[in-house]
Amino acid sequence: MSAEDQILAIGRQLAGNLPRSASPGERVDARLLQIVAGDPALRAALFRFTDVRPACTSVADLGQHLVTLLEDASPASRMGRAMLALARPRATRPLAALGAGGGVQRLAHRFIIGRSVDRALPALARSWDAGVAASVDLLGEASVSDEEAEAYVGRCAEALHALASGSASWPARPVLEADSLGPLPRANLSVKVTALTPEIRVEEPRRGIEDALERLRHLLRLGHRLGAHVHVDMETLDSRETVLGLVLEVLSEPEFRDGPSAGLVLQAYLRDSPAELDQILSWVDEHERRVPLTIRLVKGAYWDHEVIEARQHGWEPPVFTDRGECDRNFEGLTRTLVQAHPRVRLALGSHNLRSIAHGIACVRARGLQERDLELQVLRGLGDDLAHALARMGLRVRVYSPVGDLLEGMAYLVRRMLENTANDSFLAARSRGAPLEELLAAP
Amino acid sequence: MSDDFVNEQHLELRRADVRDALLAAGEALREALPQRVPILVGGDARHGQELVSVDPGLPARIVALAPSATEADVDAAVAAAAAGRSEWAERTPVERARVLRGAAALLRERRLELAALASYECAKPWAEADADVCEAIDFLEYYARRALELDRDGMLGQPPGERNTMRYLPRGMVAVIAPWNFPLAIPTGMVAGALAPGNAVILKPAPQAPACAHAVVSALLQAGVPAAALALLPGGDQPGAALVRHPGVEAIAFTGSAKAGSEIVRAAAETPTGASHVKRVVAEMGGKNCVIVDSDADLDEAVPAIVRSAFVYAGQKCSAAARVLAHEQVFDALASRLAGAVGTLRVGQAQELGVDVPPLIDAEAQQRVASYIERGAREGAVRAQVASHPGAGGGFFAPPTLLGELPAASPLLNEEIFGPVLTVEPVADIAAACDIVDGLPFGLTGGLFSRNPATVRHVVGRSPVGNLYVNREITGAMVGRQPFGGNRMSGTGAKAGGPDYLLEFCRARVVCENTTRHGLVV
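For the protein sequence lines, the chains are E and Z, in the order given.
Taking our numbering, the leading residue of the first sequence gets 783, the next gets one more, and so forth.
Taking our numbering, the leading residue of the second sequence gets 7, the next gets one more, and so forth.
Since the hints were made in silico from the structure, they are not lab data.
A couple of the hints might just be wrong.
Partner residues aside, some chain Z positions facing chain E, computed with beta carbon under 10 Å [what the hints assert, rightly or not]:
1) 342
2) 346
3) 362
Simulated restraints, written as ranges between beta carbons of each label pair [stated by the list, open to error]:
4) E:1188 with Z:10: 38 to 46 Å
5) Z:159 with E:856: 35 to 43 Å
6) E:884 with Z:377: 49 to 57 Å
7) E:1219 with Z:157: 39 to 47 Å
8) Z:463 with E:814: 24 to 32 Å
9) Z:420 with E:858: 45 to 53 Å
10) Z:463 with E:858: 18 to 26 Å
11) Z:463 with E:884: 22 to 30 Å
12) Z:119 with E:1152: 54 to 62 Å
13) Z:171 with E:856: 42 to 50 Å
14) Z:10 with E:1219: 37 to 45 Å
15) E:861 with Z:12: 49 to 57 Å
16) Z:464 with E:856: 15 to 23 Å
Predicted model, so just to flag it, every value in this text is computed and none were measured.
All residues carry an ideal CB built from backbone N, CA and C; glycine is no exception.
Isolated chain Z, as found in the complex (with noise of 0.2 Å):
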């Protein structure tokens, strides 16, 4: 068990078999299609249709149809939560450990299946599709080491006649709210995470990737997580608003925009009469991600890198690039260079492989970023864009757009667009930059390039961001090696993927023991 966490290998898409094997797997998926996502509250699965999740790039395919959770169901859950939990505390951390990387074996085994499911319900390409299946891989196997090395002594002093220790008690009743860009990692990550130190989860996925939920709920179920330490609740934002207000729920973890996630904070600081504890929150919200590029740049690697930042799965990334700050000196050369690559994007469906840009998640966030397109174009002007998909059967595809001369004012620059949208503005020097940066309210990723090592050290120092890339693209964090959380209005500091993760599910409970007897040390 103490053998060391390694990444998940991705698969190696520029050799022909692998691919071929990819694309047979989202064959005989998509023959399958939908399935059945039931409510799994204490071992008993409640199906039904009331959700319905589809493929975003043709919305008449069905991927799932699930039951839609309400406030009983909640209660429901949460008290069989309560009756059943201690069963998953009380294993020792080592078999808490071997379940977790149990599950991990079990997606393992369905990789390319699972890969497809991603591709499906939440359009996404088969590159990212895949990341996204070794990233919740990765999330199990990091977060079951984590969890042992939490159960360690020798971090306290013992001086004679004093035992002192410290033991990381699980918080008991956590809710997860999860997103669907991400739908098999995030969803795995935060329940593994929560799950690891022993406490019981409710898991209430995005509407829009409830099948992604179900595969990673039943993979751990399957391994060994008791049916009371963990329910499955498919549905709105009626669920999530119950499992948020419910006393019975001692920590909230939620990844999705910052508006919910205030929502959520401020829901949670509510401690009604007879609450036994104050909520935590471990919220994970938006970015307005900015890009520096000083004017020693290497613009033949800047140019490919933020163009992936801002439009690998169409920009729906809390991490992707949304405004590139350009020096001066360089400003004209960059701008033009990234118009003619956003010019070569391919938009097309997510399955297609070497498709740039695949639709967006629903008709809700086409038409969001439709007005902001909309407004950018009025504000300032298109330095870029590719027709959209046609799109016969009706995707929610949208133009992967680069615009320019916006005033600093608009809310192109300064609100979360979440979309193929890129702005690129001069700034006069770096400084200039960093104070753009540090205006905004976020600070998840930033990215900066520059050859000067003075330069890093000097946006280093000032950056706001909880993750910072320097000369590279500003996606792709991978666990245990750029563990992921954003500052500010971005989230609540914690970094998934991370060696403290762990802690924002747990109380530490400190036990000082006097062990001499009349005097003397025994």
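Chain E with its partners taken away, still in its complex shape (with noise of 0.2 Å):
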């Protein structure tokens, strides 16, 4: 069988797994987000809308904001003509304010597990024994002082505690607690480096990195206490020399030669990507590590804004810009990962069968466990997904944030503009796209 060839069996399989039909509620969902999709007033309006929504602080203010939104924007659906003839009346427009505002909570209940990690832990409880594991994000962006990048890390703290003596009782789960190159910890963090300093700036590195080294030793230092996972998140390219920086500096420190388990993030929308990985593979062949560093490799959540600062700037954007091009990088990177073994660990995240086909039979090819392969997604875009792969036997992990709604906010508006984008995955997949087309080589 030729490559391509296994990787279209892989992804049948995965589409086999796939619930048939879904849900009534996830029927409705998608309808309205194809609605939304092509609305380009009305989802300009509802993402306004979501995004003040943590800020109204009554009925009346949110269905103020909701009407003018509304009113702004004109929308051309029938479905965002008849939300504008609900909020236009006085006397309806509480109706529709609670409705949007509801509908703003669903959604956020559906992509955000909890306020805390301690009301999340049933949740990700179910979530193990069902053959998934997790990463805990704690909302919340940048922070613009030391108090609040303080304020974080203690949040981080108490999140790591509770993750490690949460998960204590669970059952074993061998797929998800080990693989060829040894265990795994139940107890896993996603950390953001805009968060632990208030200093980054893009101008000069060595500020932000020098400002959160004390705080990012502090999380490893007791994630190698409590055998837990800390990953740190990757966001803007204004902060990625950064991030980078500071984990590969910190990491090469000897006190955390030994552990704990710890991780960093690529992202293949980012032209210049495989060069970065060629510098992190540098790294890790001058830095011996009991426990491998794991590379979670991502398309990347900040297309939009990458692509508006570079135009406003002028700049070339650093990122792909055809969806197709991104994919092959993707593809490209994961080849190299999957070589890199067992110098590193592979987490590809992404909710694009085609991608995590592509991952699976490159493994295979190697002749790697499938084990040796972390598949990640994110909480509320690929739950099925991550069902569906833990019944195939893989290790699975969704990235699951923790906070407040007024936190999440931007994580949410993030991920609704991931969801509605035309060309994604998702909406393709929401469409009902064929199979063949779906996975078909990008």
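Dock chain one against chain two, each of which comes alone in its own frame, and use the hints as you go.
Following this line, the structure appears as structure tokens:
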């Protein structure tokens, strides 16, 4: 069987494990997203409404925002016009406000697992039972002061404690707890550097690195002591050099040679990501670690931001603007990372069946075990996929944000953007694109 | 020539190789200091060293030595220009545009070196210094194109038998009195705006920044502006005042303080016996720029944007944020987050990457800002302050400061400080905030953070400012994108970098010709 046929076969098997028909609630969601994706004015108004939702202090305030945003947008679709018709009259405005506000809440609940790690633990335990691991992310975007950065570190430390103690009594799940290189922690926390330091300066990465070093050390020490995995997220290109520099610098310290398990993120939408991977792999070659570095390969969640920022400055966008090019790069990086085993551990973060199938095929072709590949999806977007992967005996981890609505809004808006982008894999799938098309080589 | 205007790309400082190149340019320039800046009149250069510009971060370092122009130099410059300026005025608009764009190309070739010069002469941090060079290039490219568009017909009614034309002619002799805070961009903008429609220009730069002005003038001369049409008179107030009074000067373009600007307007209004014209004054003056933060604002965005608006380049921008008016519902959260953010600012040398707040321009500014801060601390409360740079070299550093609880009449709330000082106060609602803004004599820039389109419309309708920024920083206007200029006591309303700016330097002449002969259109 050719490599391409392998990928198709795995893809079909994956698709076969997905639920055949969506639940009624999911069908409604899918239909709504389709309408929203097809009405740019309504999409913009709802984004703006979602964005301002946590800052509204009363139903009247909420209603006032809803009606002005919808009026400004003058949406074309029937749904948009119906929403406006409901929101305009004073008598029905509270109803519209509560409906739309509730919609945001529902959406938030879909993407955010709980207000705190403690409250999220039952849901995390249920997933674990079903063969799905998690990486917890504490919502809240950039810290603007030392106080906020310290508070974030405090929340991370609490989360590590809660995850470590909360997961101790979970039943054994061998697929989730070890690969051929050794044991894998149950507690897994994703950390954002922009929250660790208010001193990220694009023109001087050293500043943010120096300010964040001690805070990250603190979390790594704790992770080591508790046997937890600490994963450092990647955000926009403006902070990439800081994040990469920080992680590699701190993990170079002798103190962390023996642990904890730690990781970073590579964004395939960046045109220079192959060079970045070379840089990471040469660092890996020069720094022996008892627990290999985990690299989470993703496409990247800040595409719109990167393109807009570049266009405003007249720069060449640092990201691929063609979906196919980005997907091909993702596959190229996957191959390099699979080749790099056992120097690094690979986690593929994607909802694209083709990308996942390609990753699995690469692992098989190299003669590795399937448990040497981790698959990651986002809560709220990849839940079905997570269970399908688990049913196939693969290791899957769900990126699970924790926090309140206010902290989560920026995250939520990013996810909605992703979910309603016309060229996204998810949009194609929810449109009912044929499987051959979804699995075709990019 | 008709290709569309595009802003010069800022350096992508997030790339390490770009930063390295800039730092290397900085070192090379530093090695070559001091520069010698002459008085340039009609192609003659006269050197001297009465005027000394220094590195504000290390005043022992001399950046440039120049002569200080006298009234005699002013007379000579006006006379030389009067004799030779027709050469420039008589060139076609296309030829003049080519020269201006040639000057842009010369600046572009020297981008890194010029950024380094602005950095050393005026303590511009790298990103700001680079933006200054880019803006200078933008002005040349933009006005070159606008001048061509001025020269087009099509605006007037043309019934049979009548040929109507309107042509924009240069005013003649324009004196440009420039500030130091955008030492390349603002002189370039005012000079290019006056040159583009065919005026002769005498540039009197700020005494703190002669070398930057010299770089601009050199590029224009090298690109082909005739020596008679462009003079450089480094110096202080004396040549400036002489230019304003000079009967041969027909228009004055000024950017600086409200006090100096008002003085220029007054002096220029006098038409001595024998005067052949009423002087036109284009003045860009100070501001007391307020940022309104509504209860529904996104504070995660507002806090960093306000801090950048207030403290980048130590607040020494006319557009800088000075006063935050926060809805009482979010006041506590905003004020404490602002205080925390101000606390993270790094004061240091402009040439050090990662420095947020560089030194002030000179000792006088340092003194002025210190006395404002001292008064603010007495009348209100210091909510945050970063210790000033230890400054072993005696740099003119000032501590970034956030003040609150000031009485409404406090000068801290009403006067332009032009330093790293920000105040924050609660307001009952947006209308109250608009009342405060309306009560100020200035009208330059303003900011609003709100996510309600109705509020945005309301503030847009009520705001007196020339440039209102919604949900973003209030500094960093781009040529051709945010034409810049203030109302009220902030200026005469000209919009630099905008489609109408050149008209400030023109007079229009309409010609109506009867094209009939014996009742027939021939």
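Tested hints:
1. 342: Interface hint status for residue 342 of chain Z: holds (8 Å vs cutoff 10 Å).
2. 346: holds (2 Å)
3. 362: It holds, given that the least Cβ distance between residue 362 of chain Z and chain E is near 8 Å, below 10 Å.
4. E:1188 with Z:10: 38 to 46 Å: With Cβ atoms ~43 Å apart, the hint holds.
5. Z:159 with E:856: 35 to 43 Å: holds (39 Å)
6. E:884 with Z:377: 49 to 57 Å: holds (56 Å)
7. E:1219 with Z:157: 39 to 47 Å: violated (56 Å)
8. Z:463 with E:814: 24 to 32 Å: This hint holds: roughly 29 Å between Cβ atoms.
9. Z:420 with E:858: 45 to 53 Å: Holds: the Cβ-Cβ distance is about 49 Å, inside 45 to 53 Å.
10. Z:463 with E:858: 18 to 26 Å: holds (22 Å)
11. Z:463 with E:884: 22 to 30 Å: About 28 Å separates the Cβ atoms of residue 463 of chain Z and residue 884 of chain E, which means 22 to 30 Å holds.
12. Z:119 with E:1152: 54 to 62 Å: holds (58 Å)
13. Z:171 with E:856: 42 to 50 Å: Between residue 171 of chain Z and residue 856 of chain E, where Cβ atoms are some 44 Å apart, the hint holds.
14. Z:10 with E:1219: 37 to 45 Å: At roughly 39 Å between Cβ atoms, residue 1219 of chain E and residue 10 of chain Z fall inside 37 to 45 Å, so the hint holds.
15. E:861 with Z:12: 49 to 57 Å: For residue 12 of chain Z against residue 861 of chain E, whose Cβ atoms are near 40 Å apart, the range 49 to 57 Å is violated.
16. Z:464 with E:856: 15 to 23 Å: Since residue 464 of chain Z and residue 856 of chain E have Cβ atoms about 20 Å apart, the given range 15 to 23 Å holds.
Comparing the model with each numbered hint stated earlier shows that hints 7 and 15 do not hold.
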